[in-house]
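Residue numbers (the numbering used here), protein chains in the order written: chain A, 1 to 185; chain B, 1 to 315; chain C, 1 to 637.
Hint data in this document are derived by calculation from the structure and do not stem from the laboratory.
Be careful, since some hints might not be right.
Some chain B residues judged to face chain A by a derived CB distance under 8 Å, without partners named [to be verified]:
| # | residue |
| --- | --- |
| 1 | G236 |
| 2 | P290 |
| 3 | P295 |
In silico DSSO-like cross-links for lysine-lysine, where the CA-CA straight-line distance does not exceed 27 Å [stated by the list, open to error]:
| # | chain 1 | residue 1 | chain 2 | residue 2 |
| --- | --- | --- | --- | --- |
| 4 | B | K58 | C | K356 |
| 5 | C | K635 | C | K192 |
| 6 | A | K184 | A | K112 |
| 7 | C | K27 | C | K624 |
| 8 | B | K287 | C | K69 |
| 9 | C | K557 | A | K184 |
| 10 | C | K635 | C | K557 |
| 11 | C | K557 | C | K192 |
By construction, the Cβ of each residue, glycine as well, lies at the ideal position given by its N, Cα and C atoms.
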Amino acid sequence: MSSVCRRAGAATALAAVLLAVPGCEREARRFDKVPVAPDARARAGALASFTAGPPGRGLRERAAAGGYDERSAWTLAQGKRWYRWFNCIGCHAQGGGGSGPALMDAGWTYGKTPGDIFTTLMDGRPNGMPAFRGRIPEEQAWQIVAYVRSLSGLVPSDAAPNRGDELHGAEPEELREPTRPEDKR
Amino acid sequence: MSDALDAAGPQAAWIARLWWISLWLCLAVFIGVMAALGLALWRSHRAARTAGDAPVRKDRALRVLVGSATLLSSVLLVGLLEVSVLTDRALERLPRGDALSIRVTAHQWWWEMVYEDARADHVFATANELVIPVGRPVVVTLEADDVIHSFWVPNLHGKKDLIPGRSTTIEFRADRAGRFVGRCAEFCGLQHAFMAYDVVALPPDRYAQWAEHERASAPEPQAADAVRGRELFLTGSCMLCHAVQGTSAQGRRGPDLTHFASRSHIGAGSIANSPQALARWIEDPQKLKPGANMPSHFLPADDLAALVAYLETLT
Amino acid sequence: MAEASSGLDAQAQAELARAWSDPPTFKGWICTLDHKAIARRFVVTALLFFFAGGVLGGLMRHQLSEPGKTLVGPDLYNQVFTMHGTTMMFLFAVPVMQGVALYLLPLMVGTRNTAFPRMSACSYWIYLIGGLTLFAGFACNTGADAGWFSYVPLAGPEYGFGKRSDFWNVLVNFTEATGLMLAVDLATTALKMRAPGMSLLRMPLFVWATMVSSVMIIFAMPTVMLGANLVQFDRMAGTHFFNPAEGGDALLWQHMFWYFGHPEVYFIFVPALGMISAIIPTFARRPMFGHRAIVLSLIATGFLSFGLWVHHMYATNLPELGKSFFTAMSFMIAIPSAVQLFCWIATIAGGRLVLKTPMLFIAGFFATLMIGGLTGIMLGSVPLDLQVHDTYFVVAHLHYVLIGGALYPLFGAIYYWFPKVYGRMLDERLGRWQFWLLSIGFNLTFFPLHVLGLHGMPRRIYTYTADTGWGPLKFVSWVGAMIEDASMALFVFNIVRAVWKGRPAEPDPWDGPTLEWAASSPPAPYNFERIPVVASAEPLWSPPASGPRWVAGLSTKLREGLVTTVLDALPDVRYLYPTPSPWPIVAAFTVGFWLVWSIFSNKGMLIGLLPPTIAFIAWYWPTKEEADAELEVEKRP
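All chains, please: the whole structure from these sequences, using the hints.
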């Protein structure tokens, strides 16, 4: 094969690789994630402890430390699975809200950073958001956090989930754009 | 060891019979054609050593041979077709009177079995094991929760796919007691390799005992660490996905654990069931079955021991 | 016997050479429309993909050689087996058969080039870009991982998360576009550009096989393209074609895929049958026995292959009686194959055997394909299939039919036609070693899998436990795979050495009957100095006894050819071939850019259509030189 062929072939291959390089992060499936900390479930208490937690405070430092990953399609898909399994739909529907606030709009009562959402999930909030600390392992909680952010189009679109295989009318998360211009990626 | 030719029921026996007929027929055809080829090659090679360019064999003789070989092949194929259709018909004609009715739902990557009954309070659920009475037909309703799976117990019958959005049935009967293996036979994702279930055929009286036992709720734990283990189970994350009848744990996302300790495997065939294996499984299922939907729980040693002690009481 | 002088004088020969030459160096390489150059690219690229797929297969064998091996985890294993199947089926088997046909067809029918050379040039680049895109994805952990058949819902929007299945769906677009373009080109050439006197029944059997498989491709490939695009819409645009909750159907994909998928194995098998029909008469030193019967069998195989697809779906809940009809059809297709086998045996029996390497591979084909075909009959029966479907029994069957029915004839064809393509002979002794190593290795690898399937081993599992008892046979299988690897290494060595310093070959080293042996080795860009006239199905063994032997009067200054009628190949129209052009490669790159963009963006799917549209319009826009040349020829033929 002539050197011309080789150069052309190499150039094509390089171009193709560059196009797909972000795939490494997007397709990562890390099964050995951060384990649940020993004291995490200690505060769970009895079954009746589905009570609202203190407003606006939480382990932001801890939340910022590890576990959040919005680049991995597997993480987001698992988050979508837990959203369905753990009945977030009960109050938040498919993101449109009901007895709980909508999750797919621009309004974030308690903050939209991953740490804020993690705190909301783990410690609960006033007006009815239960505390799931000790119930939902942290690893899965971070996956739910990532998914909740995808409901408002705040994660990379090539990793966000597309439509679910069930009855629903919502627009797939992958096709959502952030409502506020400053949130656009 | 699972084996399609070691039939423990009438359907597998019919299919095994068809297998042997086909095998001998195909072997005969293979030997015949290879012999003809060998003969042709030999004669042709011999003819090549004689001089000349003219065609060697009379085409008329060859026409007769080819024609009759084609005719014979067609007759054999039609015969095999008839045997195949008759076998298929026999498979469908299993007498179904007094059949046991079980509803199987396949999930990624475990099997949910619900034993149905006319009386609602006699319905019970189990997972990753199928216990059936010897000599009684079983009608299994097959549904899938997520992707396409396939239900296959080679010793008893062929396979049937479980397709989301469709409900179908498979009927079979075990004619001898024994332990068999069932496997998922349609690629279903990361852990298709570990989606097996134990199939146990028991004599009718022992089956009745087993069913009676399964209907009962989980016994009250007596030992202190088992009691503590139950508290951990109910106040931690276990109850979000698993159910133990007789407690407040009613999760439907993972296998029902009411009589977990009497099962022979954990994780749909991932590992044999034992207290040590259970501890390893709870701590880090991802090591044994990477990609499974059960998260890791790195508990302190005494908590883990208590949890295992509780689960071991769920016989 | 080589062509006697066609009577062209030196000036006419020089003009012809100049008219058919390519622009110099790099520009010529990109713009060439010489079917031989394009075909060589296809075959070499396909063989490279074959070796890549083989490495993946070896990895699988290694991972499964012992229970509980941790060479590869489940995620990577799923990508490996999907890439192996996809590469072998889409990127090797069909393109290599079409590539060989692209090289031989014009030579065998006695014409200068295929009917639409720019289309086949474009199709190569589309194929290359598609294959590289898939492997680039694999290199970045985005290899397709839902099986080569990509069933929904596993490959659908919810369970096929990430971009892996998107790469697969887009690959289907690439390869099916390539296949369709080549099929149209080859079928048209075979029907309309044969040498005068080459009526349909005098057309070589290899050309018949190519034509039948091309027509099959035209009918079957659009189905899978459509299906893959519907899955893409589900994945990218939120449609519900395959979502049962919203009225779609998961089984619809299986129908669409297998309606293509079953004929696809015949796109691979039928050209191989043609290769065998070309090789046997030469080495039996007599015309093919039952020429007409073989033609009818090829056509029957083509038709019947469209009626078998449900035998891949016997385990679903389709009606049982309906499934039995497909059993009947699956058995029925064995009959035309049997007719061909018997005619070949009769040809050998009635001839004088010359046992060279090509014939050795044909003998290997008989044994291997028979085993595969007979296990195929077993699989055609519904009850038996219900036990062995989706087990290693099917893996064994499919490799016996693909390697026996396609790879052996392909190797035979390579040994047979290599002298024509490169003007050098391949080494006979190395060829024999390759044959025996392949046969031993292949049977060791795949025969035990029949037993494993009956012992309950399902397909597509990344590991198994020791108590299954599957370990020993799996180990044997792995040893066999390594022997096969050795035979492939020998093959590559033989080829490289022959190209570099092999024994020079005459135009007709085997004394073959068909027209390609009348051209030089390698053939000139214009194939033949003058188009030959044909009077029998073995033109070189029985040249025309009376009447003209060559076509006179075609221009040597322009790229001119002859179009003949379909049935009797009577001269019909003079045809000006297209001249070298960069538009095919440009169009291919714009198509590639569009399809890759559409993986990541719906906007891309729409906006990305613009560059290909412009490229294709520019491609077909007549240039002043072309228009002037055509006018000149009309005025003064």
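The hints, checked one at a time:
1. G236: holds (5 Å)
2. P290: holds (4 Å)
3. P295: holds (4 Å)
4. K58(B) x K356(C): holds (25 Å)
5. K635(C) x K192(C): Roughly 24 Å separates the two Cα atoms, so the pair holds.
6. K184(A) x K112(A): Distance ~14 Å between K184(A) and K112(A) Cα, so the pair holds.
7. K27(C) x K624(C): Satisfied, since the Cα-Cα distance of roughly 21 Å is no more than 27 Å.
8. K287(B) x K69(C): Measuring from Cα to Cα gives roughly 13 Å; hence the hint holds.
9. K557(C) x K184(A): Judged against 27 Å, a Cα distance of about 62 Å means the pair is violated.
10. K635(C) x K557(C): holds (15 Å)
11. K557(C) x K192(C): OK: K557(C) and K192(C) at ~23 Å, within 27 Å.
The structure does not agree with numbered hint 9 stated previously, though it agrees with all others.
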